[in-house]
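Peer 1: Listed here are the chains, written in short residue letters.
2 protein chains.
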Amino acid sequence: MKGIIFVLDGMGDRPVKELGDKTPLESAKTPNLDKIVEENITGIMDTIRPGVRPGSDTAHLTLLGYDPYEVYTGRGPFEAAGVNVDVKPGDIAFRCNFSTADDNFIVTDRRAGRILNGTDKLAETINQMKIDDNVQIIFKESDAHRAVLVLRGNGLSDQITDADPKEEGHKPKAVKPLDDSEEAKYTADVVNQFVQKSYEMLKDHPVNLERIENGEPPANVVIPRGVGAVPSVKPFEEKYGLKGICVAETGLIKGIAKIAGMDTVDIPGATGGINTNLDNVKEYIMNAVNDENYDFMLVNVDGADEAGHDGDYIGKRDFLEKVDKLIFSELKDRDDIVLFVTADHSTPVSVKNHSGDPVPVIMKAPYVRVDDITEYGERAAAKGGLCRIRGSDVMYMIRDALNVIPKFGA
Amino acid sequence: MKGIIFVLDGMGDRPVKELGDKTPLESAKTPNLDKIVEENITGIMDTIRPGVRPGSDTAHLTLLGYDPYEVYTGRGPFEAAGVNVDVKPGDIAFRCNFSTADDNFIVTDRRAGRILNGTDKLAETINQMKIDDNVQIIFKESDAHRAVLVLRGNGLSDQITDADPKEEGHKPKAVKPLDDSEEAKYTADVVNQFVQKSYEMLKDHPVNLERIENGEPPANVVIPRGVGAVPSVKPFEEKYGLKGICVAETGLIKGIAKIAGMDTVDIPGATGGINTNLDNVKEYIMNAVNDENYDFMLVNVDGADEAGHDGDYIGKRDFLEKVDKLIFSELKDRDDIVLFVTADHSTPVSVKNHSGDPVPVIMKAPYVRVDDITEYGERAAAKGGLCRIRGSDVMYMIRDALNVIPKFGA
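Chain order of the listed sequences is A and B.
Residue 285 in the numbering used here is what sits at position 291 of the first sequence, and the numbering runs on without skipping anything.
Residue 140 in the numbering used here is what sits at position 146 of the second sequence, and the numbering runs on without skipping anything.
Keep in mind that the hints were calculated from the coordinates and are not lab data.
Be careful, since some hints might not be right.
As the list claims (entries may be wrong) - Cβ-Cβ distance ranges computed for the label pairs, FRET-style:
no.: 1; chain 1: A; residue 1: N284; chain 2: B; residue 2: N98; range: 43 to 53 Å
no.: 2; chain 1: A; residue 1: N271; chain 2: B; residue 2: R384; range: 40 to 50 Å
no.: 3; chain 1: B; residue 1: D174; chain 2: A; residue 2: D174; range: 33 to 43 Å
Said to hold, decoys possible - Simulated crosslink set (PhoX-like; lysine-lysine; CA at most 25 Å straight-line):
no.: 4; chain 1: B; residue 1: K134; chain 2: B; residue 2: K165
no.: 5; chain 1: B; residue 1: K197; chain 2: B; residue 2: K237
no.: 6; chain 1: A; residue 1: K134; chain 2: A; residue 2: K124
no.: 7; chain 1: A; residue 1: K11; chain 2: A; residue 2: K23
no.: 8; chain 1: B; residue 1: K346; chain 2: B; residue 2: K160
no.: 9; chain 1: B; residue 1: K197; chain 2: B; residue 2: K165
no.: 10; chain 1: A; residue 1: K191; chain 2: A; residue 2: K228
no.: 11; chain 1: A; residue 1: K16; chain 2: B; residue 2: K377
no.: 12; chain 1: B; residue 1: K197; chain 2: B; residue 2: K134
no.: 13; chain 1: A; residue 1: K346; chain 2: A; residue 2: K16
no.: 14; chain 1: B; residue 1: K197; chain 2: A; residue 2: K401
no.: 15; chain 1: A; residue 1: K319; chain 2: A; residue 2: K276
no.: 16; chain 1: A; residue 1: K377; chain 2: B; residue 2: K237
no.: 17; chain 1: A; residue 1: K316; chain 2: A; residue 2: K23
no.: 18; chain 1: B; residue 1: K16; chain 2: A; residue 2: K326
no.: 19; chain 1: B; residue 1: K237; chain 2: B; residue 2: K82
no.: 20; chain 1: A; residue 1: K29; chain 2: B; residue 2: K16
no.: 21; chain 1: A; residue 1: K401; chain 2: B; residue 2: K346
no.: 22; chain 1: A; residue 1: K23; chain 2: A; residue 2: K82
no.: 23; chain 1: A; residue 1: K326; chain 2: A; residue 2: K377
no.: 24; chain 1: A; residue 1: K29; chain 2: B; residue 2: K377
no.: 25; chain 1: A; residue 1: K165; chain 2: A; residue 2: K197
no.: 26; chain 1: B; residue 1: K160; chain 2: B; residue 2: K179
no.: 27; chain 1: B; residue 1: K82; chain 2: B; residue 2: K124
no.: 28; chain 1: B; residue 1: K124; chain 2: B; residue 2: K197
no.: 29; chain 1: B; residue 1: K170; chain 2: A; residue 2: K233
no.: 30; chain 1: A; residue 1: K115; chain 2: A; residue 2: K134
no.: 31; chain 1: A; residue 1: K377; chain 2: B; residue 2: K16
no.: 32; chain 1: A; residue 1: K401; chain 2: B; residue 2: K167
no.: 33; chain 1: A; residue 1: K377; chain 2: B; residue 2: K377
no.: 34; chain 1: A; residue 1: K16; chain 2: A; residue 2: K316
no.: 35; chain 1: B; residue 1: K170; chain 2: B; residue 2: K124
no.: 36; chain 1: B; residue 1: K11; chain 2: A; residue 2: K326
no.: 37; chain 1: B; residue 1: K11; chain 2: A; residue 2: K29
no.: 38; chain 1: B; residue 1: K23; chain 2: B; residue 2: K377
no.: 39; chain 1: B; residue 1: K16; chain 2: B; residue 2: K377
no.: 40; chain 1: A; residue 1: K401; chain 2: B; residue 2: K160
Since the structure is predicted, the reported quantities are computational estimates derived from the model, not experimental observations.
Virtual Cβ for every residue (Gly too), placed ideally from N, Cα, C.
Let's have the full structure, built from the sequences with the hints guiding it.
Peer 2: Below, the structure is given as structure tokens:
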């Protein structure tokens, strides 16, 4: 038996007038998910607690049984791990953008024209940066204009502000300490030097000279944000005795899995959007389901969240239908899995962002108290036999269904 | 008005194919419980938290409002209190078996032929054991081959392993410290000496010489397990201002009540199984219900749990029917009680052990928001007006219904 948490990222929603006051999920035709519902048990879940708007990162940490209030200080560490930087507890990590600055150091394009090529060469240069003998600079390009920065050394702190000016027309923000510690002052100073030096090292870089020649905005400054300290996390396998694999599209979720010591895969053509290559996503999911080396899988399919952020209720509905047809058709009759279908949070198309609404969950296992709910939807699930649970309950419930959780007491 | 927590131990279950996909409780004819349901309010309860498989001990501690993660280190202290050893906070206590060892100290019968007579004389001898001046040995026989050991003294620890070899054909296990403390090393050494000396003191004991003559296995070694430190627990009456009594069949539950400072009773013929003397159980329950000295009662009837452990779905169903007919017929129309009917945990016949499934609860009180549920069952209760609560909520809810809980705030 294998345990699976299957996250349809951002799936939860609110009624949409244009969909006849149904949510995208309620409006979607999902015969395979409906069959799983009919034969199993449903409920709603507050991933963190009612009304809390979880990020995908804090939500997934919670679902895996880690307390985000303990281990989460920012997105940087997970993004860095997600692009295979070998982060270590205590490292200070950031997401970065390659941006374009003019001669007055004013940011004119936060995404450097969404640069696609050459960032590896720019990263090579940045990796040669030296600030002082104490701190090591580890830098790696990610997709398009994105990159990650890791500071490794003694006396560093994550208690600092962002450098991101948020909109064009401003200089990168001077990073400031958020507390009175020497560590925060020192780290802010290091990051400010990093931003300044990135400009000096990149402005005449061959990649940028070529871009300028082609009329493209140069990627001549690196702007860090999303600072966080890499947490010390008990590896998933050590915590639960279950060997885990994560099948996810985005670096953020892969990074969480990596920091938890789980294996990950890279799915060709997976974009994290509604245009993702779902055939490949399905193939990687089913390979992992069938791989006997693993006792546990975390799956994340991201398109519904993107559609939610875009306010695209049709896209969200249709994407959920596609996932149902392609993937849950394969899972619905498997009797060798304990399958927990959920979202990490709601992303209502009317909000275009995450909300604190609970998400609908299904628990499929060989022996559950089958309830009388017959379709998968936010309001149907609220009447299910699980009633209302929390994200931190899920790993307990899955281990109980797998019969691998130790008894507490006698 | 008297508050009652009525625990049908291990009652919760999962659907059983042979019962038409009903649980034993759903399948049982329980007209009296159904009537209580119809006139009151129901719900489901996670005694500790969803997915956690509680022991009966941790579950009952939780129901009484004690945090098992604080006060529970093992079963020994409650078993010892349950046979009237006057345990004190800090004592290290164990459950023990009288076992049979051969001349090479190999355990040939872990239960010494389920010895019925003479263990009091064996215990007298063991109580004369002297290990050193620091530690006092307190030993008492319990039912059949069972006994308890309490170590009292300075510098003792519960961080040690068991001596129980778990199966015949092995020597008693050498007890080892679980941490690096001097206390754990010392206590492990004391227990190892205890096991060795028990053999020396018992092997030629007259009770055993007689057993050997009769062709019965001698009870010539004592093997401790289930170590725990006796917790310091605020007495129930001091905690709540309610004088409490416990009517339970097993030493474990009685021991929990005793450590909480509650009165207990010994019910003749109560076995804790489905063959228990339910007439006597009923008599002791009703005597306590009618005893005006008590404001609160904890009741535990154990048969459904035993049937669950045995995988005996017919026995479980029939036992619940008997309890309904004999006992809830008496309670259903009492208007001088706040009655909370529950299980401590599920013991599904398909699992033959405790599971993390929630348990169905009823709260009967003079004024409740009567819901539309009309029968007592796991899935019916999941639709009840209480929704899903936790075991640690129960003493708050009962005190509120009794109108004896102070307002928090103004």
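Peer 1: Could you run down the list of hints and mark each one as holding or not?
Peer 2: Status of each hint after checking the structure:
1. Range check, A/N284 to B/N98: Cβ separation about 50 Å, and the 43 to 53 Å hint holds.
2. A C-beta distance of roughly 44 Å is found between A/N271 and B/R384, which places it inside the suggested range of 40 to 50 Å.
3. The hinted window of 33 to 43 Å between B/D174 and A/D174 holds, with their beta carbons roughly 38 Å apart.
4. Proximity of B/K134 to B/K165 is assessed by CA-CA distance (about 23 Å); at most 25 Å being required, the pair is judged to hold.
5. Only pairs whose Cα atoms come within 25 Å are accepted, and B/K197 paired with B/K237 is rejected, the gap being roughly 46 Å.
6. Under the criterion of a C-alpha separation no larger than 25 Å, the hint pairing A/K134 with A/K124 is consistent with the structure, at around 15 Å.
7. Between the alpha carbons of A/K11 and A/K23 the distance comes to roughly 18 Å, so the proposed pair stays at or under 25 Å and holds.
8. Taking the CA atoms of B/K346 and B/K160, the gap is near 19 Å; set against the 25 Å cutoff, the hint holds.
9. The suggested pairing of B/K197 with B/K165 holds, with an alpha-carbon distance near 15 Å, which does not exceed 25 Å.
10. Pair hint A/K191 plus A/K228 does not hold up; C-alpha atoms about 36 Å apart against a cutoff of 25 Å.
11. Restraint check for A/K16 and B/K377: satisfied, since their Cα atoms lie roughly 23 Å apart, inside the 25 Å limit.
12. Distance hint between B/K197 and B/K134 is fulfilled; the C-alpha atoms sit about 18 Å from each other, no more than 25 Å.
13. Simply put, A/K346 and A/K16 have alpha-carbon atoms about 17 Å apart, close enough for the 25 Å limit, and the pair holds.
14. The suggested pairing of B/K197 with A/K401 is violated, with an alpha-carbon distance near 36 Å, which exceeds 25 Å.
15. Taking the CA atoms of A/K319 and A/K276, the gap is about 11 Å. The hint holds against a cut of 25 Å.
16. Restraint check for A/K377 and B/K237: not satisfied, since their Cα atoms lie roughly 39 Å apart, outside the 25 Å limit.
17. A threshold of 25 Å between alpha carbons decides the hint, and for A/K316 with A/K23 the separation of about 9 Å falls inside it, so the pair holds.
18. Straight-line distance between C-alpha atoms of B/K16 and A/K326 comes to about 23 Å, which keeps the hinted pair within the 25 Å bound.
19. Proposed proximity of B/K237 and B/K82 is supported: the alpha carbons are some 21 Å apart, at most 25 Å.
20. The hinted pair formed by A/K29 and B/K16 meets the criterion: a straight-line CA distance of about 20 Å does not exceed 25 Å.
21. Using a Cα cut-off of 25 Å, the hinted pair A/K401 and B/K346 holds, with the two alpha carbons roughly 13 Å apart.
22. Between the alpha carbons of A/K23 and A/K82 the distance comes to roughly 45 Å, so the proposed pair goes past 25 Å and is violated.
23. A hinted pair counts as satisfied when its Cα atoms are at most 25 Å apart, and A/K326 with A/K377 qualifies at roughly 21 Å.
24. Pair hint A/K29 plus B/K377 holds up; C-alpha atoms about 21 Å apart against a cutoff of 25 Å.
25. For the suggested pair A/K165 and A/K197, the alpha carbons sit about 15 Å apart, so the restraint of at most 25 Å is met.
26. For the hint linking B/K160 to B/K179, the alpha-carbon distance of about 22 Å falls within 25 Å, and the restraint holds.
27. Proposed proximity of B/K82 and B/K124 is supported: the alpha carbons are some 20 Å apart, at most 25 Å.
28. A threshold of 25 Å between alpha carbons decides the hint, and for B/K124 with B/K197 the separation of about 17 Å falls inside it, so the pair holds.
29. With a C-alpha separation of about 23 Å, the suggested pair B/K170 and A/K233 falls inside the 25 Å cut-off, and the hint holds.
30. Simply put, A/K115 and A/K134 have alpha-carbon atoms about 10 Å apart, close enough for the 25 Å limit, and the pair holds.
31. The hinted pair formed by A/K377 and B/K16 meets the criterion: a straight-line CA distance of about 20 Å does not exceed 25 Å.
32. In summary, the hint linking A/K401 to B/K167 is supported, as the alpha carbons are separated by about 22 Å, within the 25 Å threshold.
33. Simply put, A/K377 and B/K377 have alpha-carbon atoms about 7 Å apart, close enough for the 25 Å limit, and the pair holds.
34. In summary, the hint linking A/K16 to A/K316 is supported, as the alpha carbons are separated by about 18 Å, within the 25 Å threshold.
35. For the hint linking B/K170 to B/K124, the alpha-carbon distance of about 21 Å falls within 25 Å, and the restraint holds.
36. Of the pairs offered as hints, the one joining B/K11 and A/K326 holds, with about 21 Å between alpha carbons and a cut-off of 25 Å not exceeded.
37. For the suggested pair B/K11 and A/K29, the alpha carbons sit about 20 Å apart, so the restraint of at most 25 Å is met.
38. Taking the CA atoms of B/K23 and B/K377, the gap is about 20 Å. The hint holds against a cut of 25 Å.
39. Between B/K16 and B/K377 the CA atoms are separated by roughly 16 Å; this keeps the pair inside 25 Å, and the hint holds.
40. Distance hint between A/K401 and B/K160 is fulfilled; the C-alpha atoms sit about 17 Å from each other, no more than 25 Å.
Checked against the numbered hints given earlier, the structure breaks hints 5, 10, 14, 16 and 22 and satisfies all the rest.
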